[in-house]
Amino acid sequence: MSEIFVLAEIAGEKVAKTTFELATLGAHAGSVTAILLAPAGRGAEFAAHLNAGPIERVIVVESDEFARYGVPASAYAISQLLTSQKPSALLIASSAFGKEVAGCVAVLTDSGIITDAVDVAADLTATQIIFGGSMTVHSRVSSGISIITIRPNAITPDLKASTPEITNESIEIPPTAKLAEVLSLEPPITGGRPELTEAQIVVSGGRGTSGDFSPVEAFADVLGAAVGASRAATDAGWYPHSHQVGQTGKTVSPQLYVACGISGAIQHRAGMQTSKTIVVINKDPEAPIFELADFGVVGDLFAVLPQATEGVRARKS
Amino acid sequence: MEGGRLDRLSVDSVLNDLDEYAVEEALRIAEAHGGNGAGAPHSVTVISMGPERTVDVARKALSMGADSAIIITDDALAGSDALGTSKVLAALIAKGDFDLVICGTESTDARMSVIPAMIAMRLGWAQLTFAGSVTVDPVAKSAVIARMTESGVEKMSASFPAVISVVEKINEPRYPSFKGIMAAKKKLMEVQTLASTGIDANLVGTAGSKSTVIDAVPRPPRAAGIKVVDEGNAGTELVNFLVEKKLI
Ligand SMILES: Cc1cc2nc3c(=O)[nH]c(=O)nc-3n(C[C@H](O)[C@H](O)[C@H](O)COP(=O)(O)OP(=O)(O)OC[C@H]3O[C@@H](n4cnc5c(N)ncnc54)[C@H](O)[C@@H]3O)c2cc1C
Numbered sequence: 001m002s003e004i005f006v007l008a009e010i011a012g013e014k015v016a017k018t019t020f021e022l023a024t025l026g027a028h029a030g031s032v033t034a035i036l037l038a039p040a041g042r043g044a045e046f047a048a049h050l051n052a053g054p055i056e057r058v059i060v061v062e063s064d065e066f067a068r069y070g071v072p073a074s075a076y077a078i079s080q081l082l083t084s085q086k087p088s089a090l091l092i093a094s095s096a097f098g099k100e101v102a103g104c105v106a107v108l109t110d111s112g113i114i115t116d117a118v119d120v121a122a123d124l125t126a127t128q129i130i131f132g133g134s135m136t137v138h139s140r141v142s143s144g145i146s147i148i149t150i151r152p153n154a155i156t157p158d159l160k161a162s163t164p165e166i167t168n169e170s171i172e173i174p175p176t177a178k179l180a181e182v183l184s185l186e187p188p189i190t191g192g193r194p195e196l197t198e199a200q201i202v203v204s205g206g207r208g209t210s211g212d213f214s215p216v217e218a219f220a221d222v223l224g225a226a227v228g229a230s231r232a233a234t235d236a237g238w239y240p241h242s243h244q245v246g247q248t249g250k251t252v253s254p255q256l257y258v259a260c261g262i263s264g265a266i267q268h269r270a271g272m273q274t275s276k277t278i279v280v281i282n283k284d285p286e287a288p289i290f291e292l293a294d295f296g297v298v299g300d301l302f303a304v305l306p307q308a309t310e311g312v313r314a315r316k317s
Numbered sequence: 001m002e003g004g005r006l007d008r009l010s011v012d013s014v015l016n017d018l019d020e021y022a023v024e025e026a027l028r029i030a031e032a033h034g035g036n037g038a039g040a041p042h043s044v045t046v047i048s049m050g051p052e053r054t055v056d057v058a059r060k061a062l063s064m065g066a067d068s069a070i071i072i073t074d075d076a077l078a079g080s081d082a083l084g085t086s087k088v089l090a091a092l093i094a095k096g097d098f099d100l101v102i103c104g105t106e107s108t109d110a111r112m113s114v115i116p117a118m119i120a121m122r123l124g125w126a127q128l129t130f131a132g133s134v135t136v137d138p139v140a141k142s143a144v145i146a147r148m149t150e151s152g153v154e155k156m157s158a159s160f161p162a163v164i165s166v167v168e169k170i171n172e173p174r175y176p177s178f179k180g181i182m183a184a185k186k187k188l189m190e191v192q193t194l195a196s197t198g199i200d201a202n203l204v205g206t207a208g209s210k211s212t213v214i215d216a217v218p219r220p221p222r223a224a225g226i227k228v229v230d231e232g233n234a235g236t237e238l239v240n241f242l243v244e245k246k247l248i
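Residue numbers (my numbering), protein chains in the order written: chain A, 1 to 317; chain B, 1 to 248.
No wet-lab data here; the hints were simulated from the structure. You may find that some hints are simply not true.
Said to hold, decoys possible - Heads up, incomplete: computed chain A residues facing chain B, CB under 10 Å, no partners named:
{"no.": "1", "residue": "P72"}
{"no.": "2", "residue": "S170"}
{"no.": "3", "residue": "I171"}
{"no.": "4", "residue": "S184"}
{"no.": "5", "residue": "E195"}
{"no.": "6", "residue": "F213"}
{"no.": "7", "residue": "V258"}
{"no.": "8", "residue": "A293"}
Here a beta-carbon is modelled for each residue, glycine too, at the ideal position from N, C-alpha and C.
Just chain A, with the same shape it has in the complex (with noise of 0.2 Å):
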């Protein structure tokens, strides 16, 4: 049976949620190995995180450089435990930081690179969806390793407990991945509320909301989910630029998008037309983004929002 490796990402004090769909993907290949790459004395505070989910071995390396020096020294490390371990396939979550190490460990090992597959199958062929949503590709890796990033939210995780065995390796990051420092960190403002890329439902607000989005925050407060907004809202300023969704912002792909005075131009559609479920709040009947609606709601967004918080709200207590 193949040997499937996956990075399994510290978000915070937690492990990253994407570990176990990134795990469940890996699955369908072959039997999963989880690399943690955690600060000093803390690996195995993190492993134990890493109990659920079709995971049968966690390699620890610990390392405070890892924080410090980015993306080169986590791609040095894991490009070591390739190239000791020989595994069929590496795959890692899609984001800036995930795909960045991925291209970096293609370069180190000389392995082909798929970037944002919503699917692997079991002969590690990975399935794209490109072009705002309206093509589907499936290509493979023909040389190497095959490096694989997966959007988040592309799959349901299986997350049954396990007991992994958990072993730990110590690696030396060389000088040529130390030649850029980080400085400072500031974690993301999110108000208490999801990660964009990565909660399971996003409402976000358009050019519709007239630079109110207090309607569209409370519901996606009484539904936890992340607040997202269309570029016409950012360029207004109404919400800050890290929370535009389409061509020239994030990608998303949740169980639920709600889209809450938002037209549905072609480059909005890009960043979210691969949601599983798609809500829409508009008031006008003839407005483009109802053609992805799942449930469509002509009508004006600061009476619809606020009775469906209120319904949401009753129900839950």
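Got chain A; can you put chain B with the ligand on it based on the hints?
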């Protein structure tokens, strides 16, 4: 100091927004420290790989104010993956004498934001990627950026040489002036072929690609959904839909 800039061309060979941000940032870095052009201390070189039309793209960057351009165009490069593209661009950069290479973060067509990091890795240079702001100290030969990603904002520093990639919104790219457009016609544009880089044609293009597309099929349009007109209780109907779909 010299500022270089490069991009991977979009399919239609249009200098897209992100690449203009990179050109603009290179020019601003030079201008903040004495400028570029004849008699000025710095120079900005455009480096680009793509089909023959790439010449027009580079010309636009020259009309914005870059000093010269190096273009590589070769039929053997068609179909290059990120590995091949980064190999060729790294070879071109290595032949020059650059302190900084500034790239866009993503080409609009191929969401492969990995190329700047791959180039840095190949050159053995520092990588300062996803910069939302860049500050350069030409005397200390170092740069500090604010790296903006889903993990937040990281302040990072490195000594030259470094590969910097910039995010959209880092600046407001200038429009080429009439004078700039005229001046660009006289600027040096060096067109290279693969042979001049010494890279084996089998390592790049479709031949050298380390991934293969099996098929590409149009996706069926989404099935038509439910559409209601709000008559006072659409919010409640929406909640019922979410419950039915087990989304709440
Ligand atoms: C190169 C390029 C890149 C781009 N990248 C992006 C990107 O990444 N993301 C992005 O979003 N856009 C992007 N755009 C911009 C895109 O083309 C659109 O201009 C933008 O998405 C429009 O935003 P909007 O839908 O909020 O505004 P509009 O198109 O103005 O739509 C507003 C909608 O709100 C509705 N409305 C108004 N009032 C109400 C109300 N009270 N209740 C309910 N509905 C109401 C209206 O009927 C209308 O449909 C890009 C454009 C270019 C050229």
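Structure-based check of each hint:
1. P72: holds, 6 Å
2. S170: violated, 23 Å
3. I171: Violated, about 17 Å.
4. S184: Holds - the Cβ of S184/A comes within 10 Å of chain B, reaching about 5 Å at its closest.
5. E195: Constraint on E195/A satisfied, holds at 6 Å.
6. F213: This hint is violated: F213/A lies away from chain B, its Cβ roughly 17 Å from the closest one there, beyond 10 Å.
7. V258: holds, 9 Å
8. A293: holds, 5 Å
When the structure is compared with the earlier hints, violations turn up for hints 2, 3, 6 and for no others.
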